[in-house]
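As they're listed, the protein sequences go chains A and B.
Under the working numbering, think of the first position of the first sequence as 495, with each following residue one higher.
Under the working numbering, think of the first position of the second sequence as 2, with each following residue one higher.
FYI, nobody ran anything at the bench for these hints, they're computed from the structure.
Bear in mind that the values here come from a model prediction, so they are computed numbers and not experimental data.
Cβ coordinates follow ideal geometry from the N, Cα and C atoms, glycine included.
Warning: the hint list may mix true and false statements.
Estimated spans, in silico, between C-beta atoms of each pair [claimed, not checked]:
1) B:V85 with A:E732: 34 to 40 Å
2) B:R115 with A:G621: 35 to 41 Å
3) A:P1063 with B:E58: 25 to 31 Å
4) B:S153 with A:Q972: 57 to 63 Å
5) A:A617 with B:I119: 42 to 48 Å
6) A:P1063 with B:I31: 56 to 62 Å
7) B:E101 with A:D629: 49 to 55 Å
Only pairs whose alpha carbons sit at most 27 Å apart, straight line, appear in this in silico DSSO-like list of lysine-lysine [said to hold, decoys possible]:
8) B:K69 with A:K826
9) B:K3 with A:K826
10) A:K836 with A:K849
11) A:K738 with A:K895
12) B:K30 with B:K62
13) B:K3 with A:K807
14) A:K691 with B:K69
15) A:K692 with A:K531
16) A:K807 with A:K1074
17) A:K692 with B:K30
18) A:K807 with A:K826
19) A:K823 with B:K62
20) A:K807 with B:K62
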Amino acid sequence: MEILEIIEERISVPAKKTVSITGSEAVLEAMIAEGVKTIFGYPGGAIMPIYDALYDYQDKLEHILVRHEQGAIHAAQGFARTSGKVGVVFATSGPGATNLVTGLADAQIDSTPLVCITGQVFAHLLGTDAFQETDVINITTPVTKWNYQVTDATEIPAALAKAFYIAKSGRPGPVLIDITKNAQVQKFDYEGYTKCKKVRSYRPKPIVRKEYIAQAAKLINEAERPFVIFGQGVILGEAENELKAFIEKGGLPAAWTILGLSALETGHPLNVGMLGMHGNYGPNVLTNECDVLIAVGMRFDDRVTGRLDKYAKQAKVIHLDIDPAEIDKNVKALAPVWGDCKETLPLLTELIEKKEHTAWLQRFHEATVKENEIVIYDELHPSKQEMSMGEVIDALNEFTKGDAVIVTDVGQHQMVACRYAKFTQSKSNVTSGGLGTMGFALPAAIGAKYGAPERTVVAIIGDGGFQMTLQELGTIMQFGADVKIIILNNRFLGMVRQWQELFNSRRYSFVDIQSPDFVMIAKAYGIAGKSISDRKDLRSTLKEMLEHEGSYLLEVMVGKENNVFPMVPQGCGVGEIRLK
Amino acid sequence: MKQEYTVTVYTENQVGLLNRIAIIFSRRKINIESLNTSPSEIESVHRFTIVINETEEVVRKLCRQIEKQVEVLKAYYNTNEEIVWQELALYKVPTDVIAEKVKVERLLRQFGARAVLIRKDYTVFETSGHREETEGLIKALEPYGLIEFVRSARVAIIKTSNGFHEKLKEFEQGEPGEEVVENEFLNKQEEVFSM
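With the hints as constraints, model all of the structure from the sequences given.
As structure tokens, then:
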């Protein structure tokens, strides 16, 4: 009797809809639920069940098989940077996972949202030095925003929901989920996927405090020489319009960090240029003359500030940042405006007076004239027979009109490209800023193309960096990402050589790097290409490259011992910037 | 000026979190003098007590880096004046010595030591106090054949604290940018996203 009642009760309550699926299928279901369309990855033993499941999901998920896991993660970074979405990586355990570490560190320091799924050995083998077992969680802890090891399939939906939420919210960053093989094959009752909206111990953004907004507005209204410096926070917060409204109302000259580049179009009358070690003359020198310094979504990296005790000591500092740990970390802020700049900038704009700081802005123009005379004119119109990196970028601008995505590697060409490339829209500059990862550009450009398929993607790479990840030409060959590659070849590891010239009395220690025939290599991968060393071929070949259907590799031989100026030498203040 | 600071961290109970917190110190080559972790007064919330020797500026920045970790609820730092703290120590001494020497018995009384285990061959005493106090008893017992000694990490209570809930509210008023709703879910485990 009793038993019957229980059975009846069970029947009367509609059973929760569940289906039995494997952990691997749950991973892919999570991808679909999170709107993921493209995955960059490389299979291996410990992630085989996920790849087996992927076989049946090929119509819903596009998987790009790279040539090295580092290529996968840099591609995911490029994807995230141009699309504003979370980049996704699959890799196997052991070496597959350790190959992700450079990219994780890069994404962590440059706040790029990623979700990396790594396979792991069976849970019962953890700690036994099993084949391809490494302690991925502990290896990646310092270079991830969050990481988690899943050993039971039932955890997968929630773990992935949390991973996507943490990667994208607040100050974005890379998240790694390590899934043991047993969890991948385990069947469980799947109740569907619920997106994560809250983690109680995690506060994506601090609450906005009106009193600091008011204080900041007062400082700006009283300022005679206010100066805005902005970083990637503006792009990550999608606050480009808010920034523009803010500086336009206040008549505020604004300069950018390397990762802030393209948040404000380079042609904007209030865009006064680039900050930092190889930034423009005006923004650096006048940092030490402004009376109020307004930092928006930037973290006062040492490459921006130079010597801290000589940095903006005269200025009252307003710092807008989403990450409370950044406030007062390097530079003390008088008005700490914690919060998402998408929210704080409009509040600030509302309180500031409409002004034009004509005389102050004129100071920046004067500095530009000086920099033009001593540096820029010569860089863009060299009198030497050899081509300069600057003139290549300048010629490229003529064709792209600033509409292309420019992906750069690390070194002299990176500084030159960032200094001279023109941008008309946001999310167009992809570079390894904080970590300075050589080899970043080629795979990142592939990812950038998937992130913004309708846009022209031009990767600008040095001869050194290109040789670090050139195997990704194979990825282009197989999957056809239309990436235009420009190698600026100066037959040197140029940036280190420049330092050796300036600071180590020209003792060129192991910077003389030889390169293969890059055009032949491209050809071997079925990619069109050309190498030029004569100025008269530059524009026609750039045109040919941009009009070419599919990828194209253009090698431009440039001056061997050209230097990037201006330069704030290490250990100097921004006011001590050298023009030559 | 460098001085002793006690960092109190409230966290979720999660595998790997100890490492995440520890590397914040080791990355900056800061030595952890003492570390204790155990469940707090709130179910499922763990409490770390970490002692370091640093300047206030460094400690403040460290606490912000700790709080930045996803599973960390809150981190506080206090000087020794602002806390009450204890360390527990255990001493293993030959039983015959204690039985025979009146002096030893007096010593133990003086240090407030309590016998935890008495066997024919040895006796284990327990005492608690500040470092100097537990240290003092070692010195005193050494001449009488101290066999073994062990001391725990520091545990500390913040004098002004009214428990985590209260301190949180106070902190929210006293510091800019604290999300007031932060504590809303603290005792509502079922509403919390968990795995």
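Verification of the hints:
Under the hint 34 to 40 Å, the C-beta atoms of B:V85 and A:E732, about 49 Å apart, miss the expected range. Judged by the Cβ atoms, the range 35 to 41 Å given for B:R115 and A:G621 holds: they are separated by roughly 39 Å. A C-beta distance of roughly 27 Å is found between A:P1063 and B:E58, which places it inside the suggested range of 25 to 31 Å. In this structure the hint that B:S153 and A:Q972 lie 57 to 63 Å apart at CB holds, the actual value being about 60 Å.
With their beta carbons about 45 Å apart, A:A617 and B:I119 fall inside the hinted range of 42 to 48 Å. At about 30 Å, the beta-carbon gap between A:P1063 and B:I31 misses the expected band of 56 to 62 Å. About 53 Å separates the C-beta atoms of B:E101 and A:D629, a value consistent with the hinted range of 49 to 55 Å. Note on B:K69 and A:K826: the hinted pairing holds, with a Cα-Cα distance of about 19 Å set against a maximum of 27 Å.
The suggested pairing of B:K3 with A:K826 holds, with an alpha-carbon distance near 20 Å, which does not exceed 27 Å. The straight-line distance between the Cα atoms of A:K836 and A:K849 is roughly 22 Å, inside the 27 Å bound, and the hint therefore holds. The suggested pairing of A:K738 with A:K895 holds, with an alpha-carbon distance near 21 Å, which does not exceed 27 Å. Proximity of B:K30 to B:K62 is assessed by CA-CA distance (about 14 Å); at most 27 Å being required, the pair is judged to hold.
Of the supplied pair hints, the one linking B:K3 and A:K807 holds, its CA atoms being roughly 25 Å apart against a limit of 27 Å. For the suggested pair A:K691 and B:K69, the alpha carbons sit about 18 Å apart, so the restraint of at most 27 Å is met. With a C-alpha separation of about 24 Å, the suggested pairing of A:K692 with A:K531 holds against the 27 Å cut-off. Of the supplied pair hints, the one linking A:K807 and A:K1074 holds, its CA atoms being roughly 25 Å apart against a limit of 27 Å.
Distance restraint check for A:K692 and B:K30: the Cα-Cα separation of roughly 34 Å exceeds the 27 Å cut-off, and the hinted pair is therefore not satisfied. Annotation: proposed proximity of A:K807 to A:K826 holds, straight-line Cα distance about 10 Å (limit 27 Å). A hinted pair counts as satisfied when its Cα atoms are at most 27 Å apart, and A:K823 with B:K62 qualifies at roughly 7 Å. For the given pair, A:K807 sits about 21 Å from B:K62 by alpha-carbon distance, which is consistent with the 27 Å threshold.
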